[in-house]
Amino acid sequence: MFRIAIHGDLQEYWYLRWLAAAMSPDLSTMTPEQLANMPGMPPPSGVKSNFVNPETQAPQCIAIVSIFLGIMIITLAMRLYTRIYVVKRTGWDDWTALLAGVSGASVTGVVIATLCMGVFGPHTWDVPVMKFMSAGYNAYMLVLAVLAPFTNFLTKFSALLLLQYIFPSAAHPRITLAIYFGLGVNILFHTIAIIYTLAVCTPQRGSGGLLPQNCSIKVRMRIGIATAVVNAVLDLYLLVIALPTLWQLKLPLRKKLGVVTVLATGIIVCVCSIVSAYLRVAVDPEDDPARKALPNLVVSTVEPLLAVIVICLPSLPALWQATLGKKVSGRTLTDIKGGYELHSREFER
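Going by UniProt numbering, the final residue of the sequence shown carries number 349, and the count climbs one at a time with no gaps.
Misleading hints may appear alongside valid ones.
[Claimed, not checked] Restraint-style ranges between C-beta atoms, simulated for each label pair: (1) R222 x V271: 21 to 27 Å; (2) W92 x V52: 39 to 45 Å; (3) G184 x I268: 23 to 29 Å.
[Claimed, not checked] With a cut-off of at most 35 Å between alpha-carbon atoms, the simulated DSBU-like pairs for lysine-lysine come out as follows: (4) K48 x K131; (5) K131 x K292; (6) K292 x K48.
The hints are simulated quantities; they were obtained by calculation from the structure and are not laboratory data.
We treat Cβ as the ideally placed atom computed from N, Cα and C, and that holds for glycine.
Please build the complete structure, drawing on both the sequences and the hints.
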């Protein structure tokens with residue numbers, strides 16, 4: 001009997017099929033060629049499976065995530081250039097942002113590779129079941145299950161560090177405590193999620209790279225829902241910490257509006273987190289998992305890329321001023337380090 005791990009409700013569907021196959025000499029002795037001609041699920045009445053050139057939405061999804069990946073890379077490069085060559089001073093938030101960018105690019109690469117495999121995008125009845133049974137597909141699913149929460153952890157960590165630099169502990173002790181609490185929740189939850197995923201979903205020796213039966217759809221759905229909900233809560237938490245306090249600062253209205261506008265772009269990331277949580281809970285892909293999984297796959301891929309873009313935006317005003325030939329100092333009020341940081345790092349020491 002074959003043991004397979006498949007995305008969505010396909011896992012239970014095919015597990016029951018192979019359970020029945022164990023009691024049927026004909027099905028249990030099917031060759032790989034025969035299995036390659038078996039559809040991922042029975043097609044609707046009057047529809048014939050098309051394994052040769054099926055209609056797919058994968059190219060559109062690849063285009064969307066690639067566009068956001070390109071914007072993220074450009075924005076991150078501009079931030080690092082500003083910190084290293086314009087202001088000539090870096091901090092931990094810069095390097096965690098870089099790690100988040102690399103991790104987000106890796107997640108996007110795995111998603112694109114999965115889409116290119118033809119597993120997601122076509123209708124499920126146009127995908128041979130052997131594709132879901134392949135070691136490559138199962139490896140991609142495991143990498144995504146681990147790398148996606150790690151990327152979200154890095155983006156939240158970098159954003160909280162940025163807030164720590166914006167609001168020094170000496171001037172904003174309550175905000176500092178709130179930031180430390182957010183850091184603690186971020187570290188604790190994502191560490192537990194990653195360790196649990198590795199413990200449950202790491203392929204066993206001799207399994208041919210297939211995910212174990214313990215890594216069922218119910219387990220992966222629970223992890224995914226918990227991760228999406230916690231990310232949405234942390235994004236809201238970041239906005240609640242930052243925006244009201246920024247608005248109360250004694251700054252010229254023009255500069256205050258600039259600061260708030262830049263950080264308010266985090267609302268977009270928050271919306272993505274909420275949409276991702278909704279898609280995991282409310283959308284039922286039972287009738288066509290390979291196609292119905294696409295919206296959540298795209299949103300959950302774009303979300304960390306957007307987060308990296310948002311945490312890089314505060315650096316751009318300093319680069320803009322340097323481009324215009326204005327003097328950029330590490331001791332000015334709103335032009336230092338990130339363009340909108342409100343104090344000097346030397347002052348914080």
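A quick look at each hint next to the structure:
A beta carbon spacing of about 23 Å between R222 and V271 agrees with the range 21 to 27 Å that was offered as a hint. Between W92 and V52 the beta carbon distance is about 52 Å. The supplied range of 39 to 45 Å is therefore violated. Between G184 and I268 the Cβ separation comes to about 26 Å, which falls inside the hinted range of 23 to 29 Å. Distance restraint check for K48 and K131: the Cα-Cα separation of roughly 18 Å lies within the 35 Å cut-off, and the hinted pair is therefore satisfied.
As the CA atoms of K131 and K292 are separated by approximately 17 Å, the hinted pair is consistent with the 35 Å bound. Straight-line distance between C-alpha atoms of K292 and K48 comes to about 19 Å, which keeps the hinted pair within the 35 Å bound.
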